[in-house]
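For the record, the sequence lines run as chains A and B.
Mapped onto full-length UniProt numbering, the consecutive letters of the first sequence carry residue numbers 1 to 319.
Mapped onto full-length UniProt numbering, the consecutive letters of the second sequence carry residue numbers 1 to 316.
It should be emphasised that the hints constitute simulated quantities derived from the structure, not laboratory data.
C-beta: ideal position from N, C-alpha, C; glycine also.
No false leads were mixed into what you were given.
Calculated lysine-lysine pairs in the DSSO-like style (CA-CA distance at most 30 Å, straight line):
| # | chain 1 | residue 1 | chain 2 | residue 2 |
| --- | --- | --- | --- | --- |
| 1 | A | Lys2 | B | Lys151 |
| 2 | B | Lys97 | A | Lys318 |
| 3 | A | Lys150 | B | Lys16 |
| 4 | B | Lys151 | A | Lys318 |
| 5 | A | Lys2 | B | Lys132 |
| 6 | B | Lys227 | B | Lys289 |
| 7 | B | Lys210 | B | Lys18 |
| 8 | B | Lys16 | A | Lys314 |
| 9 | B | Lys130 | A | Lys318 |
| 10 | A | Lys318 | B | Lys18 |
| 11 | B | Lys132 | A | Lys135 |
| 12 | B | Lys97 | A | Lys150 |
| 13 | A | Lys318 | B | Lys9 |
| 14 | A | Lys314 | B | Lys75 |
| 15 | A | Lys286 | A | Lys63 |
| 16 | B | Lys151 | A | Lys150 |
| 17 | B | Lys97 | A | Lys2 |
| 18 | B | Lys75 | A | Lys318 |
| 19 | B | Lys75 | A | Lys2 |
| 20 | B | Lys18 | A | Lys135 |
| 21 | B | Lys14 | A | Lys318 |
| 22 | B | Lys130 | A | Lys2 |
| 23 | A | Lys314 | B | Lys151 |
Some, not all, of what chain A presents toward chain B, calculated at C-beta under 10 Å:
| # | residue |
| --- | --- |
| 24 | Lys13 |
| 25 | Arg17 |
| 26 | Val18 |
| 27 | Thr137 |
| 28 | Ile138 |
| 29 | Lys139 |
| 30 | Leu141 |
Listed below, chain by chain, are the residues.
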Amino acid sequence: MKWLSLLTNEWIKIFSRVRTWIFLALPIIIIIGVAVYDKVTTDEAENNNWKQQLTQNINDDKKALEEARKNNDDDFYIEMLESNIKQNEYAIANDISPYETTAWQFMKDMAPISSLIGLFVIVVASDIVSSEFSKGTIKMLLIRPYSRWKILLSKFLATLGFAFVMWLAVIVASWLVGGLAYGFGGMDQVYLTFTEDQQVKERLIVEYVFLNIGLEFIELTVLVVLAFMISTLFMSNSIAIGVAMFTMFAGNIIVTLLATKDWVIYTLFANMDLSVLIDGQNQLIKDLTLPFSISVLAVYTALMLALTFIVFQKRDVKA
Amino acid sequence: MTTHTLELKNLSKKIKNKTIVDDLSFSVREGEIFGLLGPNGAGKTTTIRMIVGLISITDGDVFINGDNIRGNYEKAMERVGAIVENPQLYDYMSGYKNLMQYARIMPGVTQERIDEVIQLVDLEYAIHDKVKTYSLGMRQRLGVAQALLHKPNVLILDEPTNGLDPQGIYDLRNYLRLLANNGTSVVVSSHMLAEMQLMCDRVAIIQHGKLVRIDEISNQEEEADVKVHFQVEGDLLQAKKILAELNPELVIEDFGKEIIVQTADMKTIAELNKQLVLAGILVVGIQRKTKTLEERFLEMTKKGGDVSEVAVPVNE
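Please put together the full structure from these sequences, using the hints given.
If you want it as structure tokens, here you go:
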């Protein structure tokens, strides 16, 4: 099928850029760096005394809690201290060390690196349409015997493919590096979280890791669609990068500001951080659930894609 | 019967109530080089962009090899090659990889064809270098190469000589002629009159988005366009008066040291010469001049100021 060659072309264009390889290498270097640093600096003896350490923590938290109650501090803070205490007491009682690192624990710890992937994917998605306009190469592409939507679709799928490769590379790298550094076992390792009625419960780390990497890919997809849309609408990669990064990083601030409004749960910002919903802890907005957030994102994604394709189809190219 | 490869029918483009292209119709024959000539802003590039589907059509139709681009764009564009303004290339890839981008998505481009085209535009020595190292002329040639890869039968070039040196223009002209002789229809746009006259078989003159007229370059010598210049010594006004009295049917003007008579008839020219000599006026030169495309163009578009590139009329 000739149409697939459009996709091949886009793929080649992405990987002909030096920056693409830097984007791929950087998270992997960071993962290796973290593992090496951790290995070098961690005192094994201290980890074996983890019960002592936790007892110390519990005492500190209790003091802080008393203080907070006296000063009528924020409920959120008080709740947080209470859950910390509960969690640590449960850990000591059930002999579950929070300091034991395995490949899976390492993957869980490496989860924040997804922001970095998000950033790089935004750069590529923002660039793939707008740079062809700014360089004028779009003319050479659009005069081919292909409908415009096919050309745009090939660009979209190529970006999504790049996001997938980044995502997969980080998963494989963190599992491999984690495994080599701490051993590949630990499938049965648990971590502590809370049930809805604030009881401590155990959960498999593996379960968390798999759920999380799945959700990360959903977040990445939404970011790709967002950056892609702005790149097409404004034909400017700086606006696209700016808006997408703003959504990714400043989203929480906006949600905090708007938290009292009922409609905030329907905004894109409020639903962009899916991984906090896995355990339902530290949520800014209590009403959100995973199925709800994913549905909202799906609606936004569909609308953004529709707008992108409609605008691209009709645009007069004067580049 | 002449086959038309490209047909424009009542093509119009309006942007915010401003008419850029106004009811434009013309047909391009198989194997001819067709020029779109007009001052800057006449609507040449807009027309070309509509033909290749870069901008939407407000009204009218474009047929390429019989297929309407509004209904059957993919089919219509299959045998079209084009460069709209400067060829824009991917700087971060080699010339070869750039060509491969287009080779991959066009039907029927073989490896032999790719090599052939590279050789044709004389880029073998630099084809694996990154395009960012290319000179403007090399970029133009690579642009031509990508437009020719799939052996189009309609080749559309917008301002193709921009940035080319005289040698490059000469080569391009010869090459386009070769393509046309092999049956390709070539459409070129330009505001450079002299160039169009050398390059094209027919030229459509466009002003304010409207078609003014279509000129055949080969048989442009129409009666009204031929003038005879008599260079005389002595009293110019006297000479003019004598001729005017003897030939009341002719249009006679004087300019500098010359008397200009509008006629193409050889016998009349000889008769006029005789009359002058008999009247005792020395004729030092007789010259037959055909109006150039340029003069006609300037006449038709009324104000010469639009065509900044050509300030001085070229004499033949």
